[in-house]
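Engineer: Spelled out from the first residue to the last, the chains are:
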Amino acid sequence: MKKSTERLIEGGLAFSGLVTVLTTLAIIYVLLSESWGFFQEVSLFSFLTDVEWTPLFTNKHYGILPLLSGTILTTLIALLTALPFGITISVYLSEYAPKGFRKSIKPALETLAAVPTVVYGFFALTVVTPFLQSFIPGLSTFNALSAGIVMGIMIIPLISSLSEDALQAVPKSLREASFGMGATRFQTAFKVVVPAASSGILVSIILGISRAIGETMVVAIAAGQQPTLTFDPRDAVETITAYIVQVSLGDVQHGSLEYKTIFAAGISLFVFTFLLNNISYRLKKKYQEQYE
Amino acid sequence: MKLIEADDVNVYYGDNHVLKDISLSIKENTVTAFIGPSGCGKSTFLRTLNRMNDYIDTFRLEGKIEIDGKNIYGKKVKVEELRQKVGMVFQKPNPFPKSIFENVAYGLKIQGSNDKDLIADRVEKSLKQAALWGEVKDILNKSALSLSGGQQQRLCIARTLAVKPSIILMDEPASALDPISTAKIEELIFELKTKYTIVIVTHNMQQAARISERTAFFYLGNLVEYDKTSEIFTNPKHKQTENYITGRFG
Ligand SMILES: Nc1ncnc2c1ncn2[C@@H]1O[C@H](COP(=O)(O)OP(=O)(O)O)[C@@H](O)[C@H]1O
Ligand SMILES: [Mg+2]
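The listed protein sequences correspond, in order, to chains G and H. Taking my numbering, I'd label the letters of the first sequence as residues 728 to 1019. Taking my numbering, I'd label the letters of the second sequence as residues 3 to 252.
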């Protein structure tokens, strides 16, 4: 009796594992095969060097660079917004806040991360952009800056929560050593604890970057949908993800070249985030070794 | 001269009364050993001397502790200054994950010193004092974590010396080390006592006998006996002390 239920559970677990692996493999397969079709018609060289991306116009260009620059620009702005706040919050929580406060604030932070991204998108468009326009001349209604800032706000909980974990993982004995030599809390936090947790903090930052790169709604709503090769944050831009949404929601014909651009864009995104996750994995391993 | 003077010190962790009416005074340039069974309050008392217990929420102290004639729990006391004067070496070597040089330079740097020559000079002197210079002088930029446990502990001592404290507190500094490293640390303590006042917690009775001039025996939060080390070990006044040093302990 007991044996058979156990076998059932085991089977269920194995099945769930298998489903996940198969799904991933299927995604990679579809991405590869569909973009294979794309690269039959557009050379990889022009894909990587053409400075225009206009697959939906009559004068067609298939250069990924404008989408890439849009992605990098919004991500960079998000990062510049999230880093100072995220790190400050994590240091405050880990090194200054009373234990009870820390325990209650962390779930709250994590709830903030669960707000639907559409909400953030409209917040960017209807609150942040008008506000920024009041003192930044030449800021378009759709712009990279506003979208980036709001994405930054969105990833603050992720970065501060993971960084706080990394800071907490620093052994108490190091703090004691520092205090014992007459260091203040501030010196101990920034000269000992943060450096000792640096690879863990870096991992949180990279995950934040991955999150920003993969973010779709905010940029689709607030950054405009104009693939332009620019690094001016006041301009409207389009990110890879926003483009994918745009085309998926439009009425391009299944199997057409326009349709296949989704997968070409998708595989670029995949390679990009795959590299980042890889780096973060390596850093994490290194950081775990340090204290074992 | 009396350097440290504790007067009717009581310590509580929440409702747990862990030190009871402790009074003792420690003279300059001596080595004083705290002995007693585990959990009797040795570490707690040691850490009241540089206010390291301040970070424990439930910690509460009554009574008075004076160092150099000043109440260290007084309102105007800056703990940072106190700890520059009262250095500490911990049970487990705890070097920073930085280079050997940076570990020793840390105390000076946080005091705001950026005179490179002075720092380099002090690092060398401190490492020499800690009998580590010969082993590390060519690898100062290597990570402190690459050193052996015994070397790490001497590095921690050098790091403490670099701040020029007058008192050094040591909480079982050799308990995590092999016998050879332990011997080196003991030798070091012997040399340091001409310049520093050392208070050392140890549960190694032979160690207490070898290196200290005075020994305090703690039991269940009480200071049972405090006397010249030779007296404690050859002629203890209390039955509990005698039981402990002869190893006849429940
Ligand atoms: N951080 C703490 N919080 C609460 N109780 C503590 C803490 N540290 C030590 N104690 C308690 O205080 C008593 C004395 O501990 P300690 O000073 O570490 O003894 P020793 O160093 O002699 O082994 C023990 O009963 C211990 O459980
Ligand atoms: Mg102890």
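Do not take every clue at face value.
[What the hints assert, rightly or not] Cβ-Cβ distance ranges computed for the label pairs, FRET-style:
id, chain 1, residue 1, chain 2, residue 2, range
1, H, D140, G, Y1008, 30 to 38 angstroms
2, H, S148, G, Q895, 40 to 48 angstroms
3, H, S148, G, Q860, 51 to 59 angstroms
4, G, A896, H, N143, 36 to 44 angstroms
5, H, A122, G, F766, 32 to 40 angstroms
6, H, N206, G, Q895, 31 to 39 angstroms
7, G, G827, H, H240, 39 to 47 angstroms
8, G, T868, H, V79, 53 to 61 angstroms
9, G, E737, H, A185, 38 to 46 angstroms
10, G, L1003, H, Q93, 39 to 47 angstroms
11, H, K166, G, A896, 26 to 34 angstroms
12, G, E837, H, D140, 43 to 51 angstroms
13, H, E126, G, Q895, 31 to 39 angstroms
[As the list claims (entries may be wrong)] Selected chain G positions facing chain H (Cβ under 8 angstroms, derived; list incomplete):
id, residue
14, A824
15, S900
16, L901
17, E903
18, A904
19, F906
20, G907
21, M908
22, G909
23, K918
24, V921
In short, the hints are calculated from the structure, not lab data. Nothing here was measured: the structure is a model prediction, and the numbers come from that model. Every residue gets a Cβ at the ideal spot worked out from N, C-alpha and C, and that includes glycine.
Engineer: Kindly indicate which numbered hints from before are broken by the structure, ordering the numbers from low to high.
Structural biologist: Checked against the structure, the hints that fail are numbers 2, 4, 5, 9, 14 and 24, while the rest are satisfied.
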